[in-house]
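With the hints as constraints, model all of the structure from the sequences given.
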Amino acid sequence: MPATSFQNALVGRAAGVQVTTSSGQAGATPAIRIRGVGSMNASNEPLYVIDGVPVVAGDQGNLSGSYIGSNNVMNTLNPADIETITILKDAAASSLYGSRAANGVVLITTKKGKQGKPSVHLASSIGFTPSWATDNYEAAGPQEQTNMLYRIFYDYRTSAGQTPEQANTYALGQLNTKFNKHGYKFATAGTTLNENVIITGMTDGLVNREGTYFNWDDAYFGTGIYQTNDLSVSGGDQNTTYYTSLNYTKDQNRIKINKFDRISGRANITQKVGKHTEFATNVAIARNGQSGFNDTRNTGANYFFQVRNLLWPFYWPTDYKTGLPWTARYGSLAQNNVYYNDRWDNESITKRFTINEAITLTILPELNLKSVFSFDNSAINDHLYYSAIHYNGAATNGVVNETSANISKLVSSNTANFAKQFDKHNVTVLAGFEAEKNKTSFQSATGTNLPSSALQTLSTAGAFTASGFDYGNAIVSVLSRVEYNYDQKYFASASYRRDGSSKLAPETRWGNFWSAAASWRISGEDFMKDLEAISNLRLRASYGVNGTLPTQNYGWRSLTNYTNKYNGNAGGFLSTNANPDLTWETNYTTNIALDFGLFNQRLTGSVEYFNRDSKNLLQDIPISGTTGFGSALGNVGEMNNRGVEVELGGDIINTANGIRWTASVNASFIKSKVTKLYGGRDIIWYDPTGGDARAQYMYREGQPTLSFYGYEWAGVDPANGANVWYVNNPTDAKAGDFLYNGRGATNSFNKANYKIIGDATPKVYGGLNTDVSYKGLTLAFNFIYKIGGNLYDGGFKDVEDDGYYWERIRAQEVWDNMWTPERKGGTLPLLRGGRLNRPHAVQHPPDAQRKLLPA
Amino acid sequence: MNKVKILLVCAVVIGFSSCSKFLDEKPTNQVDAGTSIKTPADAQIMINGIERSMTNGDYYGRNFIMYADAKGGDMVIPSQGRGNDGLYTFNHAPTTGSYSGYWSQIYFILLQVNNLLQNIEKLEAGGATGFATYKGQALTLRALMYFDLVRLYGKSYDDNKDAYGVPNVTTPLVSSAQPLRNTVAENYTQILSDLTTAAPLLVKTKTNGFINYFGNIALQARVYLYMKDHANALKYAEEVITTSPYVLYTNANWVDSWKTQFGTESIFELGIYPLEGDLGLTSLGAYLRKKGEGGSNVLGWYMASDYFLNRLKQDAADVRWGVMNDDETSTALAPRKGSLYKYNGSTALAGDGKTTPTAVNIKVIRLSEIYLIAAEAALPTDAGKAATYLNAIRKRSPNLPAATAGTITIDMILDERSKELFGEGHRFFDMMRLNKSITFNDEVIGLTVATRPKTIDRTFFKTILPISQTEINANPGLQEQQNPQYNQ
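Chains A and B, in that order, give the protein sequences.
Under the numbering used here, the first residue of the first sequence carries the number 1, and numbering increases by one thereafter.
Under the numbering used here, the first residue of the second sequence carries the number 1, and numbering increases by one thereafter.
Don't read these hints as lab results, they were simulated from the structure.
No experiment lies behind these values; they were computed from the predicted model shown.
Keep in mind that the hints are not guaranteed to be accurate.
Said to hold, decoys possible - Here are the in silico distance ranges between beta carbons for each label pair:
(1) S453(A) to S193(B): 51 to 59 Å
(2) R498(A) to D32(B): 24 to 32 Å
(3) A128(B) to V482(A): 55 to 63 Å
(4) F738(A) to T455(B): 30 to 38 Å
(5) A348(B) to N406(A): 43 to 51 Å
Glycine is no exception: its CB is placed at the ideal position from the N, C-alpha and C atoms.
Structure, rendered in structure tokens:
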């Protein structure tokens with residue numbers, strides 16, 4: 001399956017690993033969660049380790065406030081260079097990576113040369129994405145849209161006491177005012193609420209648009225095309241091996257102006273010098289280019305939401321009277337981006353190089369010293385330009401912004417490894433020291449008052465502003481591990497490490513982490529010899545402690561910032577709400593697993609139980625605004641994640657002539673709850689993702705970690721189509737304006753109380769994969785599923801709007817299911833005009849309804 | 001090989017020995033707060049930061065000014081859904097439309113002020129000098145911010161000064177602090193205490209963009225007027241009028257005064273520069289412009305009501321027409337000059353001397369207002385004097401007869417305030433403190449507003465804002481102290 005990033009290729013492949021991409025943008029950063037959630041502040045992302053060295057990952061661009069949503073720096077890694085990906089989930093396995101490993105480790109090994117003749121590999125592949133392969137939020141047709149808007153205006157007048165005639169006149173007047181200018185006019189046969197509005201074309205322009213509507217889907221979306229070309233050469237002899245590759249990938253997103261491309265190269269070389277020394281050098285260089293819109297829910301920039309919610313088919317990119325481009329903002333506040341897309345520009349270029357040098361020195365046959373030094377540097381240059389004609393550049397007569405971020409990571413690791421076998425006893429001991437420094441140099445300059453639309457260059461600007469600064473963090477670790485096995489049947493190991501981080505105050509920055517593990521290879525026992533069907537059977541158990549750091553570099557420091565310039569002079573302000581007591585979030589993980597292989601490993605699988613207790617959870621919690629800040633980062637409580645993971649895979653067909661059909665299935669059953677809150681008080685918090693703080697959650701002792709907290713929507717009152725909320729009075733279940741299903745209820749959400757109304761954690765999730773391959777052709781099918789748990793559907797509230805935003809498109813689902821006097825069983829409320837008390841999202845009925853849908 | 005071994009050992013040893021330094025990571029653009037205020041120059045930099053924070057869109061940059069104009073009956077929204085309608089429709093509830101930005105932004109700046117004052121206090125206790133003016137400015141700004149907060153969240157002083165005002169925070173708080181509300185009277189006591197402490201510390205010369213002595217006493221005049229302490233209001237207003245370097249604009253230069261920064265009337269004016277506090281398309285200038293003028297994102301958020309226009313129409317030659325321009329409902333047959341261009345420099349978007357027309361300074365206290373305060377404060381005791389002060393401003397409508405001791409009324413003064421201070425953040429507060437009713441010109445757009453009656457007075461509960469639910473969640477003691485009726 002073609003994928004821009006290897007992360008997307010992980011979708012559904014391993015138990016306990018969830019990959020979600022909330023953005024459809026080319027090059028966006030997927031979120032990867034291994035075994036549920038930790039705290040909300042500390043990153044939940046796993047640690048990425050390439051060829052033994054931790055690397056920079058995640059969204060590293062600086063345009064997120066602007067248009068490009070996210071810039072996934074891992075896209076610099078060419079999936080074709082990857083030899084293996086291993087996901088470490090339990091504490092013992094990940095102990096070597098210590099504090100950064102609490103959310104799991106994704107171990108990536110890149111390809112190496114093999115002894116033998118040079119091998120040249122050339123591959124080219126292409127993939128297509130249909131323009132809009134989903135029926136989510138399908139908009140109602142022009143006729144239904146018009147009828148719904150007519151009803152809203154009509155109701156707006158009749159509910160103010162006017163007659164049907166007056167209401168009809170008013171509603172038609174509104175429709176004509178709004179859409180005459182786009183070439184349409186409206187009439188009705190009668191004057192009831194239920195009229196089918198007759199839509200005809202205006203005849204006073206260059207064109208008569210009667211019966212034709214503009215298709216914004218086609219204007220904004222096209223077929224996505226993904227192309228990738230790989231060339232690699234590898235080989236080697238006794239002393240030297242090499243692997244080199246070159247890749248070019250181009251991804252034209254289904255959003256026409258969103259593009260991604262990558263050129264990357266890699267050289268992995270190992271060289272033995274004498275008998276005792278081996279040098280391994282891995283060098284990777286990549287350049288990514290990315291441009292286009294982000295597609296967060298922000299309707300200002302999100303094409304998907306615009307075509308589903310704001311861009312009426314009555315709107316055209318040209319004026320029907322003159323044929324000239326339509327430049328005014330449409331009544332729904334959408335803009336004509338068919339016109340404006342040529343009047344702005346953006347681009348994010350990432351140049352990354354990674355150098356990884358490892359020296360292994362074999363001092364004694366049993367003892368070697370290994371020194372690894374790695375330098376990982378990404379230079380990201382973001383360019384954003386709006387011409388003076390563009391609506392975002394109009395106020396300043398054009399604006400151009402250039403931002404560069406130089407992100408570097410230095411890792412130095414020195415370990416001594418001892419391995420000895422006596423008789424059937426095998427012992428290995430590792431001890432070492434590791435240091436890591438992360439630094440980002442940030443520079444940004446903005447110029448306004450641009451003289452020429454032909455030049456998008458800073459130096460032409462009439463006014464400038466600039467900023468530049470560095471920030472970073474450092475970690476120092478000492479680490480050790482002992483492993484023992486007897487006859488490759490009984491295994492035991494233990495590890496200990498001590499980490500210090502600059503992200504915490506000197507008093508709290510050191511943490512001690514350890515693990516212990518044992519396993520028994522049952523299939524190695526004599527009594528299993530006769531059971532030929534069982535080719536592998538192993539029981540494993542481990543327990544360990546690891547830690548998580550806050551995402552903030554300086555959360556413990558109270559800092560003064562100077563960006564509040566006033567009248568040309570520096571202006572200072574306290575910028576952080578420091579918490580000097582901040583400390584490690586610690587995770588205590590137990591893991592018990594059974595691995596099995598049957599029929600000579602034709603069928604393999606595992607069943608695994610895990611329990612993860614997290615203490616000193618790091619979380620930004622809301623605090624009183626009278627302190628000057630809205631939230632404070634602290635160690636707030638404890639949570640538990642536990643569950644069972646099942647994996648099963650096998651070869652269904654594997655013939656000598658090259659036909660291979662494999663299939664695998666995995667499932668994770670997970671439970672996540674808050675076990676303790678320091679101070680005992682509930683914490684209300686908001687979905688930190690998406691910049692759209694709409695989903696509201698609650699941490700409460702004993703409740704699921706991802707508990708939605710809001711008003712409970714009871715449904716639509718069959719008598720009048722009004723929204724009904726349960727009051728949920730904590731002391732009197734029947735308190736309210738009336739009883740509904742025997743419970744106190746109200747039509748006014750303001751009279752209701754919040755309660756926990758759902759849990760976002762699925763009961764089970766996983767994937768189903770099957771591949772059929774024959775001589776280089778692969779047909780793959782990849783299916784992911786989630787059962788149970790509630791989903792917060794922030795988008796639906798816009799397309800089911802029940803009257804607040806007049807000139808908005810509504811979904812077909814609204815037309816089909818809204819309550820009307822003729823359809824008293826309608827599940828969505830009656831469309832009303834002038835519904836001015838639009839409630840907060842989580843209180844809005846279909847949100848509540850959606851939220852309680854199984855996802 | 002031995003060399004390599006030694007090198008490796010060295011690397012380990014060096015690594016350990018320099019550990020604490022290696023882990024001492026600091027940003028290059030921020031300093032430890034504990035070391036940032038040491039000298040008067042440092043204090044100046046903190047004052048700069050405070051003033052810039054005051055031009056934030058949630059405060060003087062836009063929403064605070066809009067609050068009193070949107071709710072005062074002199075403005076109206078041309079359409080729903082363009083933004084900030086909630087102010088006009090009083091669509092406020094603790095969970096939605098609580099406009100908590102006022103609360104969070106003003107308390108954020110109060111933290112900055114309290115931090116500066118605490119540092120100055122420590123330095124002065126150690127014998128340092130040279131901080132007087134900064135202390136005076138910080139105290140005056142603190143008074144201004146509490147005055148603004150108590151007007152947003154508390155009842156009028158003469159309505160019920162024992163009702164809840166806002167938490168009176170005068171020192172930097174720890175994260176876990178959950179201060180409760182003080183009474184309106186207690187807030188006013190704090191405001192006056194800060195102002196009187198600050199006055200003698202301030203310079204009497206013009207300090208463009210910063211508080212000076214006259215900024216302080218002008219604010220005292222305003223505060224006393226709100227407290228109905230007419231004697232003190234008059235005393236301080238007259239001190240400004242007679243002893244300050246500020247002079248009124250003439251009729252000839254009134255319109256162009258909006259094209260200049262720090263004009264002769266500006267007692268306290270906040271500076272805004274391109275790329276520095278300039279809110280661009282979300283600035284007051286863009287908000288009050290006619291729809292579409294200067295970019296398709298300019299939506300025409302607010303325009304003048306018929307009531308205001310009729311008031312200004314009392315004199316077609318009123319100089320204040322010079323900042324009014326056609327609004328979106330204006331047609332050739334029925335012209336309607338309902339769009340206010342004070343914050344664009346001029347109706348031709350001239351700005352006030354900078355490269356962008358939205359980077360226009362915010363005039364917080366002007367001498368015209370002080371004359372009108374003097375008129376109002378003198379009225380109960382000396383109608384002749386009141387008429388003199390009123391006429392200094394009223395003459396901007398050259399065809400209206402001058403007020404006399406016999407003809408002057410509070411409504412004439414109030415009308416003059418409406419005309420002169422339109423769009424400057426006063427109208428609603430004036431109507432509240434004088435216990436007047438406000439009628440909204442909803443029929444301009446055929447609007448039926450479900451969230452407030454067409455006419456309100458200060459008995460309507462939404463004339464003060466609710467404490468936001470977010471604040472109450474974090475500070476549960478405020479649940480009991482929520483403004484009346486918001487909990488039902």
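Hint numbers the structure violates, sorted upward?
Checked against the structure, no hint fails, so every one of them is satisfied.
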